[in-house]
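S.K.: In the order they appear, the protein sequences are chains A and B. Going by our numbering, the letters in the first sequence line up with residues 1 to 225, in that order. Going by our numbering, the letters in the second sequence line up with residues 226 to 1193, in that order.
Simulated from the structure, these hints should not be mistaken for laboratory data. All of these numbers come straight from a predicted model, not from anything done at the bench. Glycine is no exception: its CB is placed at the ideal position from the N, C-alpha and C atoms. It cannot be assumed that every hint is accurate.
A partial selection of chain B residues facing chain A, derived with a Cβ cut-off under 8 Å [claimed, not checked]:
1. Thr645
2. Met794
3. Leu826
Pair by pair, the computed Cβ-Cβ distance ranges are [stated by the list, open to error]:
4. A:His70 - B:Val877: 50 to 60 Å
5. B:Glu751 - A:Lys151: 16 to 26 Å
6. B:Thr1183 - A:Val109: 44 to 54 Å
List time: in silico DSS-like cross-link candidates among lysine-lysine, alpha-carbon distance up to 25 Å [stated by the list, open to error]:
7. B:Lys850 - A:Lys116
8. B:Lys792 - A:Lys151
9. B:Lys661 - B:Lys335
10. B:Lys234 - B:Lys1187
11. B:Lys727 - B:Lys792
12. B:Lys495 - B:Lys338
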Amino acid sequence: MDTLISENGVFLPIPPLQAVRLHFILGTILVLTFMVAHTFFPINLITHPTQTLFIIWGIVGPVLMILFGHLRQDMEQCSYFRAAGRGYVGLVAGAIVNALGAIILGAPVGFEYFTKTLNWSLLMSSFTFVPAACAFGSAWSHWHRVFAETKAFSFIDYMIRLPAYGAVIGAWFGAWPMPLDWERPWQEWPICVSYGAMVGYLMGLVASSVCIIFHNRRQQHLKGE
Amino acid sequence: MDSSSVTCKKLTVIAVLAVLIQVFGLALFVLGFFPVKPALSGFSGVESFYPPGADSAEFQNITNLSDSQLKYLYQELSLVPPLFDRLILMVIDGLPAEFVLGKDGEPPPKSFKEAMPYTQSLLSKGRAIGYHAKAAPPTVTMPRLKAMVSGAVGGFLDVAFNFNTQALLDDNIIVQFLKVGWKLVMHGDDTWLKLFPGIFSRHDGVSSFFVKDTIQVDQNVSRHLVDELSRADWSLLILHYLGLDHVGHLGGRNSVLMVPKLGEMDEVVKMIDLNSSPTNNNDQGRTLLLVVSDHGMTENGNHGGSSFEETDSLALFIGPTNFGSTSGTPNKANQVDLASTLALLFGVPIPKNNVGMLMPETFKSLTVDQQLRLLELNSWQLLRLLEAQLPRLVCENFSCDNFRDDGSERTRGYSSLEETFCCLYMKAADLHRSWKSGEEKRSASGDNCHSILMAYHNFLRTASEWLSHRATDKPVGRLIFGVAAMLVSCLILLSLLFLLGKQVFSEQNQQFSSANNDLSWWHLDEVFILVVIVIVVISMGSSSLVEEEQYIWHFMTSSLYLLSLLKVMQHIVTRTEKNTSATLGLRTNNYIQICSIFVILISGRFLRGWHQGGVNWTNLPDISKWLEQGGDTYIKLFQLVSVIILINISLVSLMWSRRSKKNFMTVVSLMHLFPGWLVLHYITKYQDVAFSTGSYDATLMAQVIYVVLGFCSTTIVVAVPWCIPFQNRTLSVPEVQRKAWGLCFRDSAYVIGLSYVYYWSLLQLLLQQPVNSMPVLFLFLQVLASIWFSSGSNQHRRQWVEVAALYYMGMAGHFGLGNTNTLATIDVAGAFIGVLNHSTILSGVLMFIITYASPMLYLLSMVMYNSVKDTSSFIISEKGNIGLLLKRTLGFPCLVPLGMNSILLIAYTIVLLLMRNHLFVWSVFSPKFLYVCATTVCVCVGVSIVASTVIYISLVLTYREKLHTHTD
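So that you can see chain A by itself, here it is in the shape it has in the complex (with noise of 0.2 Å):
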């Protein structure tokens, strides 16, 4: 077992096979939820926004804070419900973060739109909040130099940064389609928006499983030597 030591302390050693695996779940239930929509409920993004994203953050936010919950850093402050709680707590305060993004970037604003930018950004916030708030709590350092450095000391740091950016980069590119004319029903706020995302997100757990294989590889090189 390899224990990255940095500025702020020792961190908990997460074994880089279980990382990989706990992304795989992730991913596979992102898709699992999609299809159930899908299929059982007859719905999907396009017919009916509001609801299918309710679906989609409704499992993946929870599924999220159980497993980010084991992987807590204050381990003897806290307890693992403590941890899986305080992701509502991020839930609620990464969706308000994420809508006020979204509007600014030129999200349309009215009652009409308010359950379907609600619901999107709290998906958003289940991808990037979520996730970082049951690990870290409110530890600022921690959160700092996961979204705005670029150096990353544990797993911990790709497992959250990668899908976090990927999801807030793809939903970026997934606005492009918004403005042109070829009146298809996804080109809707938040529909393309929304995929893109999801797609973001799950690239961003492919490239985060890469990095921590590659990472774990280098180190063991090193100890090699």
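Starting from the structure of chain A, add chain B where the hints point.
M.R.: Chain B alone, transformed into the frame defined by chain A:
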């Protein structure tokens, strides 16, 4: 200094040279791409009654015929007697055909229908035939009048000449009438007088540029009616009513003035019709009243683009008797068809460059034989034009036997354009010939005559469509040369920028040595600036993204500032970690930066939401529509609040100017306060009456404000560098003096820059539509916030990024003020504030000021931007070389906008070249190109103002310093 360093003088000379090359190349390209040349010169004559290719020698002897002889000769040759003797052409400017004929089978809105009872009764009785005559873009008056009378689709640049009308020299129906001895009378829009100088026997021209006036402008036309209708001396009477267009410009389609104005027009129609009916007195002959409109209008009453609302113009033929059997449904035609129809109705030759086909419903009262003859004449004329434009069109070369067998006329089967036209024409001509030869069997062959009509229509429609959509021949050499010149200038500017960047970068590395190693590699926001340029360039190739460009600028600018926020966040915590080095000042600096980013982002979002903009989703709700529904009181309230906040913010910002004499600052504050108060006064007292007729006071007041603004800004620019005191004069240490010099420079630049920005915003508050006052305030806030932001970021942000961000915000704000890439959103009404006598140049300048409010504001803010950058360190190290200082302060603020604009210009020029055959080239790409050209002018003007101001400041300061040392 290494060899790659460029001196200030060299830099300036090369940059000016590059700009000149750019302007030259642009002029070449514009003249090449938008040609204004007709395909055939000269006027149609007797030869138009003979088939093409007939011997022209026999027409020589008719040149010395008198007017009436020519008229009889034409009648004799045409074989068809003219249907009418006199024509009253009543042009109602800007009337959409929808108002009279309805749309898609629906009747027009009830209130409009009831407003025109006489016209509607004529339509229902069959005495009038109504057409939706589709106008070609650009839908502005002069090109449309030209199209109507000459039958040719004009060049796009006619818009540019719309403000400087010139005589129509091509063949046209008016000249054809004049040739057969008609006496012409015109009352109304003086555009006619400019198009046809000196040919009207009587005329009363009114100016089309006084948009405020909706009543007098029409009374000036109608007052002649009684007199003219009682006279019998004229044959063509043109009445051009402008009031309806003005009503639209002021209040849109649903203006309260619209229904009364339609009623007034109906009264005119009634009066003319009752007076010219054949029962009245027969000496005047049969009169045709043709009611046409030159173009339609959008929901807001603007025009210029190519939407259905704008191109849906009216053509209403009202004759003394019924037009034969006509169906009740309104017909569709093109505006250019009017020329050939009128020529054939009155028995004169069709104008040479006419591309229209006759409107068949108006000829229903003629015999089949006569109808066929008219179709033949029209076909001969179009065939001549086709032969001129397609040199390989020699019909003997094609064997068109294949079509005779199959009954269905498919044009797809032919291998070339020439073959298509030839075969279609020859089919019609052959059928016609066999019909004529078998005249005795005529009664038996009813089907036959129908098939000949169909064959002629087929040819005419195909030829007419091709001719009007044809991409005109472009001088390739000139275009290539123009593009090459622009490309060269773009490369020069970019390489200058690159050299400067490299030099500054190496200097900075020397100064900060290794302390700031984050200067050495590319940052995310720098990469993003380049990404924005690439994305904007790519998006220009898509017509829908050109239409909805506002989304791109807002999205990219907001993303850029979100990235900046991320970057500031990185630094803020790095500092808290290193507690030893983190001073309180730096941390507050960071908070100021974060706050200013939020101000920029939130203002930007409001600007985005203020006008929906674009073309496809203009009907979606936005803040301006919401305010307009709320009523004038709210708009006025917002306007007053904006002016007051603007004045207060500028005064507070003025106090920030670090160290200045109290008296001096009081004077400057008063100079800020007084024009602000004047604008406030104008808004409260005059704005409502500005658009009514008795607005002399308002005009005077606006002129006073222009003068005061001009005077104040000039005084501040000239006086401030002389009045800002040098500090620390007692110390003779050169380094301290240098520092004093730098501080003095920054103070002067700050005061002057703030005054520029403030006066420009005040001017906009005066000129822009009332609903745009709050956006102007938001723009002002954004400018100040970005200046605060830059003031706190000497270390970790390169200068060119900040300048580029300012440029981007200027573009985002341009669309935030409701501008789009169609010509329809140019605010015409605002361009007449304070203009007493119509002056093309003055109104043009005001229009430019209104349209380019935002980019200009951001360019002007570069002076202020210079003041917050810490230049003193460079001055100290470089021993007071003024050239170096100018290079450092002016280099990026001037070169970055020029460089970016040159990239966009060359990219868009190439896009336009590639899209020259695109369906939307005239409606989407060409208007956008005009905007790009105007942006280039705006950037050049703005940059030269900034450069001359900063150069003036530093020259004055150097002179003062010299003076000072001499006296010591």
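S.K.: The structure should be examined with respect to each hint, and the outcome stated for every one.
M.R.: Checked hints:
1. Using the Cβ-Cβ criterion of 8 Å, the hint placing Thr645 (chain B) at the interface with chain A is not satisfied: the shortest such distance is roughly 32 Å.
2. Of the supplied interface hints, the one on Met794 (chain B) holds, with its beta-carbon coming within about 5 Å of a beta-carbon of chain A, less than 8 Å.
3. For Leu826 (chain B), the suggested interface contact is upheld, since its CB lies about 5 Å from the closest CB of chain A, less than 8 Å.
4. Judged by the Cβ atoms, the range 50 to 60 Å given for His70 (chain A) and Val877 (chain B) holds: they are separated by roughly 54 Å.
5. At roughly 20 Å, the beta carbons of Glu751 (chain B) and Lys151 (chain A) sit within the given window of 16 to 26 Å.
6. Between Thr1183 (chain B) and Val109 (chain A) the C-beta distance comes to about 53 Å, which sits within the given range of 44 to 54 Å.
7. Taking the CA atoms of Lys850 (chain B) and Lys116 (chain A), the gap is near 24 Å; set against the 25 Å cutoff, the hint holds.
8. Our distance criterion of 25 Å between C-alpha atoms is met by Lys792 (chain B) and Lys151 (chain A), whose separation comes to about 15 Å.
9. At most 25 Å may separate the alpha-carbon atoms for a hinted pair to count; Lys661 (chain B) and Lys335 (chain B) exceed this at roughly 50 Å.
10. Under the criterion of a C-alpha separation no larger than 25 Å, the hint pairing Lys234 (chain B) with Lys1187 (chain B) is consistent with the structure, at around 22 Å.
11. Our distance criterion of 25 Å between C-alpha atoms is met by Lys727 (chain B) and Lys792 (chain B), whose separation comes to about 23 Å.
12. Taken as a hint, the Lys495 (chain B) and Lys338 (chain B) pair is honoured in the structure, with Cα atoms around 15 Å apart against an allowance of 25 Å.
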